[in-house]
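Trainee: The whole structure should be built from the sequences, with the hints applied where relevant.
Protein sequences appear in the order of chains A and B.
For the first sequence, our numbering begins at 1 and goes up steadily by one.
For the second sequence, our numbering begins at 403 and goes up steadily by one.
These are computed hints drawn from the structure, not numbers from a lab.
Some clues are possibly wrong.
[Unchecked claim] If you want the footprint, here are the derived chain A segments under chain B, 3+ residues with CB under 8 Å:
| no. | region |
| --- | --- |
| 1 | 15-29 |
| 2 | 77-84 |
| 3 | 177-191 |
| 4 | 241-255 |
| 5 | 323-334 |
| 6 | 337-349 |
In this text, a Cβ means the ideal position worked out from N, Cα and C, and glycines have one as well.
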Amino acid sequence: MERIFMRTWVYVGHDSEIEKTGDYKMTSVGKEPVLLTRGEDGKPHVVINRCSHRGAAVCLLPKGNVSGFRCQFHGWTFGLDGELAAIPYGEEGFDKDALSLTRAARVESYRGFIFASFDPGVPALTEYLSDVIPYIDSFVEWAGDYELQVAPDANEVVYDANWKMQMENNVDGYHLSFTHQSLFSVLQRRTGNQSRYLSKAATANADEAGTATVESFSNGHAVMDMRYLGNEELRRAMKRDRLDILPGAPAPDADLDQYFGIENAEDLYLSSLGPTLNISIFPTVNLGSINICEVHPLAVDRTRVVLRPLLLKGAPDDINRMRLRYHEIGSGAAGFVQPDDIEMFNRVSQGLASEEVEWIEMTRGKDREEVFSETHQVSQISDETPQRGQYRWWREMMSAGA
Amino acid sequence: MTPVSLDEVYELLAREAHLLDDRDYEGWLQLFTDECLYWMPVDPLSEDGTLRLNVFYDDRPKLEDRIARLTSGNAYTEEPISLTARTFSALQLEPAGDDTTAGTAVRSNFQMIAYRNGVQQVYGGWYRHRLVRQDERLLIAEKRVTLLGSDAPQPAMTFLF
Chain A
1 MERIFMRTWV YVGHDSEIEK TGDYKMTSVG KEPVLLTRGE DGKPHVVINR
51 CSHRGAAVCL LPKGNVSGFR CQFHGWTFGL DGELAAIPYG EEGFDKDALS
101 LTRAARVESY RGFIFASFDP GVPALTEYLS DVIPYIDSFV EWAGDYELQV
151 APDANEVVYD ANWKMQMENN VDGYHLSFTH QSLFSVLQRR TGNQSRYLSK
201 AATANADEAG TATVESFSNG HAVMDMRYLG NEELRRAMKR DRLDILPGAP
251 APDADLDQYF GIENAEDLYL SSLGPTLNIS IFPTVNLGSI NICEVHPLAV
301 DRTRVVLRPL LLKGAPDDIN RMRLRYHEIG SGAAGFVQPD DIEMFNRVSQ
351 GLASEEVEWI EMTRGKDREE VFSETHQVSQ ISDETPQRGQ YRWWREMMSA
401 GA
Chain B
403 MTPVSLDEVY ELLAREAHLL DDRDYEGWLQ LFTDECLYWM PVDPLSEDGT
453 LRLNVFYDDR PKLEDRIARL TSGNAYTEEP ISLTARTFSA LQLEPAGDDT
503 TAGTAVRSNF QMIAYRNGVQ QVYGGWYRHR LVRQDERLLI AEKRVTLLGS
553 DAPQPAMTFL F
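Mentor: Below you can see the structure in the form of structure tokens.
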């Protein structure tokens, strides 16, 4: 936990979660319980949720708007930036400056995504993200000029395996047709169309998969990119199929401009599936579909995952309603996708309990991936290129200063 | 519409509970109207699920999808299957709306034990059924499940509530 989470940038939240001064969100950086706040200065601050006096948590509710934090144990109060404001019954003998809530050394954001680091020596956030920046841009710009707005509710699940399982999974194109076979058979049953991303080995292995790729970058980041799978016409039809079956969807032959009350409504409606691009940002956030996936390690074999759907600020309610319905089909403890993923993570945990067998196999595509540098490879959708990159970086961080 | 009695409601909800615990999903579906809604909000206090996020929000076709998926043999969280046993109590009936076609709203408390793979979980909360009479049969037009902890991290809940 220390070697990874206390030495690098960790995602803590999105601008839209702390829009106004006093807005805060409770989250974590590794095992540190932290509060992300919007300060009087309009900037995001990240402080550890632990009173500097006797250590009690100063905040109990997951989000809200406050003027500051008051520890209810002995009444010490703190500002939104963690500064110690007042000590009841006299402040003589206390060095108030030294008794603020412990702050993250650095807080920076890129396009609304806020990261914190407890290590002051990390490079600038944009340098850390470097290669994935164009993908983040694409993710943010997918719905045109509409700003992304984190929905007020989130799906949360917990599983009995390591946090890295979720991070591997976000950029694992290989598992889709197998782990999620039941989803694809539901889609096929409803739409009458073959809905698997990868229907047979030939497609999974050859160029007919369009330009669907996986890519591994520096700093443990990775991408699974299905934006250009097949051709434009097929992609639009596939997206429409998936929206048409959702509860409360407009009829397949409805006039969408009229239904949503805007021009070019079909493009915006189809953007409800997101860019079909998964961006895994080391160590613990993934941008994919139309959600932010936060991964919170609880123990070596226990992990909490928060999926926050993204709405479009100022878009018609019916567009945001359909985004929520799309998100619900797969996500959460009762979704059609996520439970099968966490079931596999749990099974891996069970299997890895074996001490007789030490290694796993993660070599798929090693001979055919295109190597641009030691930290940058691109390969076909079903290859394990991203996972190798993630673990290379993880090993490097774990070995540094060991 | 013939007035709805507490006995009739109890009989329907008991039958529903047994069908679910028996995993007779097809039989359970027959208790619902064609325009039904089966849902659980993420926020236990949410009044209306349309513009909020839900743990599930199923119209009849999606409910049929859910059951098709559960029984497909490829929903791996149901291998091995979950066993459930539920009880309900504290039934109260009231008109579901000013319009008599809205039917009868039934509030009840529930507790459910779910067992799978050596792990036993306890769930509890409130049901709100909206019942309507169609061709003399009392049917479920809406079932809202308010689960304590629906907004907290949960393991998979692929069984039905």
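Trainee: Which numbered hints turn out to be false for this structure?
Mentor: 1 and 2
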